Each structure stands twice: as C-alpha cells, then as structure tokens.
Amino acid sequence: MRVALCLLLVAALGAVAQPQSFRSRSTGGLILDDLDLWMSSVLGMGIMPDRLVEVEGSRIYTGLSNLLDGEDTALDGDSTGETGFLIGGSTDLVATDMALGGYGEFYDHRIFETIEIPGPGPDPLVTGDGAAEGTWSEYADTDGDGTYDSRHTMYRSEEGWTDSTRTGFTLAGGWTPDGVSQVGLGLGYFKDKVEQTPSQLNYSTEVSDSNLVEGIETYTLGEDSEGSELREGGGFGGALSGSFRMSEGVTGGAMFTFISHSVSLENTMTASGSWDSLPSEAEVYDQMTASQTWSYGADLGGSTFGGGAEIRWDLDDTWKMDLVGGYRTMSLDGTSDDYSMSMDTLYQESFGSLLQTTQVDGSSTGSVEVDNSETTARGGLRISASPTDRLDLALGGFFSSHTTSDESIVASSTEIVETFDDGDQEAADPDDYTATSTMSTTEMEKTTLETTGIRFPAAVEFAVLPRLRARLGASPGFVWEKETQSTSLLSASPVQTHIVYGDGTEQEFTEDPWVTSDGTLVTTEDSRTEIPFHYGLGFRAAENLTVDLMGISDRMNQWRVSATLLF
Amino acid sequence: MRKPITIPAALALIALLALACAEDNPFTADPDADWQGGATHPHVDVWGTASEGLGSSVLNDLDPVEDGIQDAILVVFDQPMAPATMVEASLELAATTAGAPAPQIDEVSYYPAARRMEIHATFTRETAYLLTLTAGGATNLAGVPLDPNFNAVSDGSPWDDARLTFHNGAAEEMDLTPPRVGPFSPPEQGGLEDPDVPIQIVFEDGPMDASTFGAGSLKLLRTEDSTEVGITIDSITPTQLLATPDNRLEFGTRYTVVLSSQVADSAGNLLDSDRDGHVWPDEQDFVWDFQMADDSTTNSTPPTVSRVSSEVPLSFDVEFEESLTGDPVNMDASTLVPANIQCVDSAGQIPLEVGELAPSGDQVTCYMLRQPQGEVTVIVTVGVTDGYGNPLDGNGNGLGGEPGLDDWTGTL
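Chains as they are written, first to last, in the numbering used here: chain S, 557 to 1123; chain E, 493 to 904.
Here chain S stands alone, though its shape is the one from the complex (with noise of 0.2 Å):
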C-alpha cells in the first residue's frame, strides 16, 4: 500500500503546472491577459508558442509576478518568504515577425517535521522542529528507608523533515512569416526531487534501570532506526503551434504538445536494537539483539501527447467568438524488482551451564508493476467583448472530462526461518528445532477517477477609476465524478510452517483456517452544481508597470500580489 501510494505521488510530479495571470485567475480563465495568450489560450490544452507573436512589447515577469502558484501573501509580513520563485518575460524585440518568451521556475525548500518527545506524564518532555531529543529519569525508594534504591532513565531522539526541489525552464519562440499566418516552437525541461526524513524512521532510544545501591545496571534498551523515502522525476517536451486565417475575420489555431517523462524511487530503511537484562554479567545470558532492513527501488517511463484546435472569430469589432478543442494523454509504467526486506533476531538465554539461542531470520522480496494513465478533453465556446475601453466581458460554455487510472500489482513472498538450540550439545536432541514458514500474496490495487463537467463561465472587467479595473467572474457548471477504489487479490498461498527437530521428527501446519481478502471495491459517485467565484483588482501603476491582486479582504496580509512590467 505505501509503495503504491508512493509511486501515485511520483506520478503527480510528472504533471507540469503552467503559470498562469492574476487576469485570469481573477476572471474564472475567460479574460486572458498576454502570459495566458500564449501559455494556454482559450484552448487550455498546453503552450501555444505561436501566438507570442500576438503580444506586443516586452513583458518581465519578476519575483514580484508572483506566478509560481499565485499563492505568496508579500503584504504578510509575518511570512518568512521561504518559497519557490518563477522568472520570465516575453519579447518581440528579437525581429519585426519573431517574439520570444520564456520562463525558469525553481523551488528549493525543507520542512520541519514537528517532534514531540514524551516524557514520563502525558505532557511531552520537549516539542520541536526538524530533531528533537531528551532524557528523563525516575528514582524510587523501593524498600522505604528514605534513600532511592533504582533509577529508571530513558533517552529519545527524533528527526524528521522534507526536502523538495524543483527546477524547470520553458522556451517559445513564435514567427509570424506573412504578417497573417503564425508558426511557433516550444521547449521545456523540469525536474523534481522530493527526499522524506521522517521522524516515525528517523529515531533512537535508550532505556536503563539502575540498582542505585549496588551502583550496576539491571536493565539496558538501545534502538536505532535510520530511513528516507527519495522520489525523482523529470521531463522535457515539446509543443509545436500555428494560425492561419481562414477567411476574413476567422483564424484556425492548432497546437501539439509532447513530453517524455522519467520517475525514480528509492526507500530504504535500516533499524537495529537489544537488551540485556543482566547488563552487569557478561557471562550471563539474557538478552536479544534484532535488525531489520528494507529497501525498494524503482523506475518508471512514460510520455505525454495531446493536441487541440482552435477556431477564433472576430464577428464585429465588438464580439469575438472562440471555439476549442482539444485532448490529452498522459501514461507512466514501470516494474520494480528489488523490493525486498530482511530481518533477524538473536535471542540468547543461560540457563544454568547452557546458553539457549533463539534465532529468527526473515526475508521477503517481491515486485512491484505500476501502470498510471491520465486523459484529458476538453471543449467549448467563449464569446466575449468589449464594448467601450473601460468594459470587457465575457460568457462560455464548455465540456471537460478528465480521467486518472492509477493500477499497481504488488508481488511478494516470505521466508522466516527460526532455530532454537538449548545448548546442550545433545546428538539428535528433540528439544532443538528449525522452524521454517513461507508465503507468498499478488495483489492488484487500482483507483480511477472520472470526473465530468459542463460549466458555462460568465465574467467582467470594468475600469473603476482610469488606472484601476476590477475584474469579477464566476464559473457555473455541474460535474459529475465517480471514484472507485478495488483491490483484487490474484494469487496467494498461505502461512505453511515446516518444524524439524533435532530428532529427526517433522511438523507442518498449514493456517487453518485461512482467510483471504480476495478484494473489496469502493466507488463514491457524486453529480453537483459549482458556481465559484473570482475576483480581483488590477491597477496600472505606471506606462511600465502593472499590478494586480487577488485574495482582497479586510486582512490585507492575505492580499496576493502580481506586479509586471511591459515596455
């Protein structure tokens, strides 16, 4: 389960989120500002490179653009600011029928786990971010004659954080050959890394009672655990676009988007500990020492295509019409082999002259075979206009469906061998044995998620003062999704314990009675209307610079804010 879960957030990185304008956001996706024209159009399928040519001048986006999620608050000044950053700009300085645009996104952020470590009450003894450790001790008079006679001391640390990056950069280029028609070319690149060190790995603890009047140990308790869960993607694509007119006031738009992406996974975990109830007596016995590995590994391939069509309409200076559609598709698969976990335990006993020795050792390896899909289409109508200079408005209608397929089939099997020996040396001794249990289970896991949806989006941007627009939209629909979640178990054996005594004699057990999940499926249907709103503000601060804002409240620390500037 966790090694699936884990490969369904892998396969999430390998979705590249494109930026997007406060415009925009601001206006439920239907007043496209110049970032929107070329980074997704009305289309909304991926980059259309070509229409770069459409935007004049030059744009810079800045830290202060504010574009990576749109989501930093720079009037907090509470806020640390420890965030990602997305730096870019467009241009058509290049040549008279070129534009360029591009953008570089980087993200490079740890975040604390919070640590508590108990104490002796219920109250933790310290809380803290990232590592956190400390000891406690309880003295006790045990035979009353006012002096502590043993002394309970316990000792714990933890860690735990994660580490993500991200680095990605996107280059169009648009070219405009006849003033009419328009080619464009996209390049992108992006890599993730996400490194989990959680505390529930990441620990170590020591226990010891003490006999304070004879001043030696009764008791000692190590443990040390150590382990990360290391996931990496990354991808480079392509998207090629055109225009062309197709009569007067009509222009076709075309786009295909193609990316390769890559996803490695690496977890792995060593712990180790004992005890030792007479620490005092080195020739005396009781104590056990137990280790415990686990490791997995694997690397999954798969690609993105998708395409879209667009046709564009000015039916008057005032009116524009645009019809779109478009489909995408996204597959990763892979198999992994080198699952496997291993563990052994020593339990040693003196029992007089002898020394009884328990030991367990277990191994389980398996595979693990990962096939996530992901399909995309969309389609629809804009109609929008502008009636006077301070006014742009805007109505649609459109159809989205969107499924994800998320399928793992996880193969392992089991040994765990126990040997006891009393210690002895007793030829053919009864009472000594090996105990060897195997057993094996495939199971399938599966998650679909289908989602459909009709909205018909409704939006306006009016000029309140002369340098300042607000901009409203809402983006009504009803959608319907379903979920379902199965597992299927395709082939198992179950716990089978072969016993050989030291005599020769065997003993096998089979569980009995052996219960099986053979699967279980849960689906969760829903159809619903959504209305969300948007809204936002937008101010020409100077001819070069514009600023825009969203998340406006009465606590102007949750404002969200955009500044670019054009030339």
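None of these hints come from the bench; they were simulated from the model.
Computed spacing ranges between beta-carbons, pair by pair:
#1 E:Ser543 to S:Thr994: 41 to 51 Å
#2 S:Asp719 to E:Asp774: 54 to 64 Å
#3 S:Ser828 to E:Asp774: 31 to 41 Å
#4 S:Glu762 to E:Thr903: 28 to 38 Å
#5 E:Glu665 to S:Leu902: 46 to 56 Å
#6 S:Thr994 to E:Pro773: 25 to 35 Å
#7 S:Pro986 to E:Asp667: 20 to 30 Å
#8 S:Glu762 to E:Glu742: 55 to 65 Å
#9 E:Gly847 to S:Pro1069: 51 to 61 Å
#10 E:Thr903 to S:Tyr711: 30 to 40 Å
#11 S:Pro986 to E:Thr748: 21 to 31 Å
#12 E:Glu742 to S:Thr994: 56 to 66 Å
All of these numbers come straight from a predicted model, not from anything done at the bench.
We treat Cβ as the ideally placed atom computed from N, Cα and C, and that holds for glycine.
With chain S fixed as given, assemble chain E onto it according to the hints.
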C-alpha cells in the same frame, strides 16, 4: 403433431442471455490450489497383504487356479504420493529364502484417495521376500522422497531405502530390526568400589555378529585426558559382550566407555545406539561414564547442593555437601560468582550479588538486586567447584561437571 420447439428454444436462449448478463461477483478467490504442504518427508504408515489385510506380512494364494501364490502387497503412506513414482521402477522385490526364485510382479497400482500402493505379484510357497522402496524413488506430491530413518534428511541409499518383509508358510523373514544396547555395567555413576570391575553390555534385537567387533570397537578411556586404558574382550555372544580392564582401575578416577556404532547384528543391521528405532548415517557411538570411589589418597568425589533456603527477603542461602556420601565439603570461593549461581523469574535473569563463603566452607548467601516477579528458580551451575576442583554434581549420581545434566535447579 409437430412439437412447438421454437418458443422453448427462444425462452432458453433468453434465459441464457439473462444469465450471461447477470452481474457476477467481481472478486474471484484464486488461492494456490496446488499441494500446500510438501516440506515434510513422507513415510510408510502401515503395510500388509491383500489376503490378510493391513498389519500382516503373510502371503496367501488368492487364485488357486493359477500356478504359484497370487497375492498383493499393500503399502499405505502418511501423505499423498506422486502417482508417477508409484511404479515398479521405484521398488525392488526379492526373495530372501535361499534358492527361491524371484517373484514375478504382475501390476503396481496406486489409489490416491487411500494413499495406498498395491503390488500384485506371483510368489512361491514357503518363501520370504524383501520389498525395498529405493531411496529417492517414491516421492510425495511436492517431490520430497521417503525418509525411512526419520532424520528429516534425504540420505540416499541404503539409509533411506524403505524395507519391508513378507513370507508364505513357515519361511523366516529377514531381520530388519537394528540391535540396541540393553543393560550395561558398571552403571553410569560414581563411587564404584571394585577396581577389577568388568565391562558388560547386553544387546537387544540381536543376535550380534562378533566379526563386527573389531579393534577399537570397544574403548575404555580415562575421561580427564581421553587416554586409552587397555581392556580385553573376554567374550562376545549373540546377546552379550564381556570385557575386562587389563589393569586394576584407579581409585578416584573417572572413566568413559565407548562402544562403536559400527557393530552390527548377524543380519547386518548397525547398532541403534540412541534406541530411537532408526539408524542415521551419523549415528553416535554408545558412550557412558563411571567413576571409581576415592581412597585415602584421592579427593575426586564431586560436591552437590544440599539445600537452598530463603530466610530474609531478597536473599537466599546455598548449602553444599559431598555427593553420594553427604560428607562436608570446602567449596572454592572463587567459583561462587553470579555467573555460576543464577536466579530466574518470569521477567528473566535477576541480577545477584554473591556474598562471602561461610567459615564452614559449605554455605554462601546470595542477594537479589531487584524485586522478583513470580516464582524464583535458583540454578547452581557446573562452574561451581569444591576446593579440589571437582565440579558440581547436580543430579547426585557421583559424576560431576556434565553441562546441563549437573546444573542444580530448585525453587525458592
């Protein structure tokens, strides 16, 4: 009149379609339906003849019309066997009566439900037979071969040849039972007074083959350094061996007698030294110790624990005495340490502090360094010695120092 077959056929078709369209349970259980065991070696459970039933080895003529004795040998296994191995190639059937012809096997069959193999053959009157299921031939469904000597290991032939005998009339069957050691002397104990004590071993399930008692088949060793002491085998009868030390045995000395596991009975069956009914390739020699009593010049009688008592909470006293005689002893204080005096409760070992040896030299007080949980078991190990270095004799047989056997155990 023509029967209306069109309508029923259409209805049947609709019914079939309805069944085909019914929403099936999507979760199909698919466990491993193959043989789920298989690691355990199979064994012959019981055998017999068709004429007399299971448990009998007597062959009779079931078809008087035909020449010879027509009967079948029945072999029942304790596990389902692989039918492909239940064939003539997996067995040998031979006459063991001198001059008798080999039997003619007519048919070998296997009945899985009863796990029974049947060997139909024509035998000869007044003849005994040996059936051998050769090692590695017959296997269970998982391919694990028979393990007739019950050591859970595939040893190969002859160790894992499963042998069964049958007979007709008064013919004598071959002896397949391995010989074992019965009573022996001197007994496994200390305090023996007679320095001329003979070594006597009685055998069961013989008769023994004297020719297998070669040089070195019987040894007398001085236990302390394993040096060999000369002995002479006076006689070997089918049921008994008698030997005498070449010289008088020394007082206060411990001796070890070693009888080789390679001695055999007249049928060639090797010694079953551990009396478990089976002979393994690594069958151990038959070994025991005895110890001569002390005289005025020796002090080799070991100490033992006479009593453990607890008068004060969290402490107990251990008292020692000489084994067999009960005489006082002087213990070696340096061996009275927590490593040799242990205390165990339900939580495991209890840390101990061992006090000074009492002036009498035979008593020591121990202190528990934590509160015990439940019943407390005291263990005094063979690491404890008296002043002469004699290790503890926990089981009181006059032979001290045997790990495990001579640890003294008691509860408070």
